[in-house]
Amino acid sequence: MKKTLTLLFGGLFLALTLGAHAQDDALTVPSSIVAGSAFSVQSAGSGEGTLYIVGPDQVLKRTVQLGTPTYFTAGSVYNAGHYIVILAQASGTTTRTLDVTPVSAPSSLSFLAKPSRLPVGLHDGITGAVYVFDVYHNLIFAPASVSFELSTPSGAVQKQLAATRAGAAWTEMDSTSQQGNSKFVARDGDVSSTAVIRQVPGDPCDLKMSATPAGQLLDLHTDPVRDCSGNAVPDGTIVTFTENFPGGQSTVDVPLKRDIAEVKMPAHDGATISVASGVVLGNQIRWGK
Amino acid sequence: MLRYSALICASIILASGVVSAQSDVTVDTSQLKGPRPLEEETKAAAIRDYLESWQAMDEAFQRDQPGRLDEDFIGTAKEKLAEAVDEQTKAGIHTLYQDRAHHIQFLFYSPEGLSIELIDDADYDVQVFDHDKAISKVPVSARYIVVLTPAEVRWKVRVMQASSQ
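So the protein lines, in turn, are chains F and E.
So the first sequence is numbered by my numbering: it starts at 535 and just counts up by one.
So the second sequence is numbered by my numbering: it starts at 138 and just counts up by one.
Treat the hints with care, as some may be off.
What the hints assert, rightly or not - Below 25 Å or equal to it, Euclidean Cα-Cα: the simulated SDA-like pairs (lysine to any residue) are:
1. 227(E) / 676(F)
2. 648(F) / 260(E)
3. 274(E) / 288(E)
4. 595(F) / 276(E)
5. 717(F) / 688(F)
6. 227(E) / 608(F)
7. 742(F) / 817(F)
8. 693(F) / 248(E)
9. 170(E) / 719(F)
10. 693(F) / 676(F)
Just so you know, these hints were derived from the structure itself, not from any lab.
Using the sequences and the accompanying hints, generate a full structural model.
So, in structure tokens, the structure goes:
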């Protein structure tokens, strides 16, 4: 009785094992390939079958000769992803999976840089985010080092390194003290992407005016208006002159022209004249007695 | 702690109007990196739009209509999916993608607000038909890396790529 049971279970185990092997051998597919690389699929048996490679990114269908390898040339499957491989034949279907991984070498960067225009000297004012893609536009998941470089027209360079995580890296940088167009470059190996950031002067700094009499009028003019980094504030920036005098007030808005704002206002005895641009206040002048 | 507490389950998302009513959804923001905070409204909109994109993908493959992808996909993701729909049409195949569960982890919200990256450990069934003959139905668990970008009124999928887990 014991021997009979041993033989029965032994036979059952053998049958299951052989069955499993037969199932395993029915279709042999590499578990993973690199996007665009050549590979082959081996089927067992004889006659014809149909092989399907199905994923949301690519779909292939081939008539195959069972028992012989089916070759897929380089470039046949190039979209990274998770694929189902199905062999359909008269006796039924066999299913496997195939993972297609991105090519490790970067080929292009998607670089998001903001803003395109900002004032000089702004802390963390410039941000950049980058996604790294291979030659087939697959996002490269493997960690890589990306450099971000911000260079001013004079050639000064700020550089930061960032490691990608799931294909993405980012940085924040200060805008420089020099106005003009700066190049903002993201680079991974030999691949780079460039954005141009226009840095404009900041608010006026140390706004100063003086007054000279011109008959019944006062000739009010500012010194050349600069930001706190010494960059000339653009022509057209509005400078406001305000005169308070006994019995009234007058205000004149004047655009900067060649770095200077200039206006003539009545010379009231006892007047107080102030100058401002935006939220920046300049000096005050008291005129007369 | 706040981020960990952001692990929310399907009922909350369903209450917020997500269409994919048949799939279980969990969301985790504890792995989120980047200087920009992800506001609740942004997060809810990104999840809603991403889950809708699965429905659009299923419809496109089921009906051989790549135009179904237009509302939910953009850029590389749209091009690749549309190409695959064309390939299956030429091969006389159509496929059904029935999502069962999504375990979503937010990874990155880019500082300028122009992209959100997330991981989705998705469970779904793929059913393949060859000229209306059912060939196979396969349950799949796959990890998708997804990049969303804002369009006029919604988040669109720009990258949707499965990786080996």
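Self-check item: Violated constraints from the hint list, given by number and in increasing order
Solution: 1, 2 and 3
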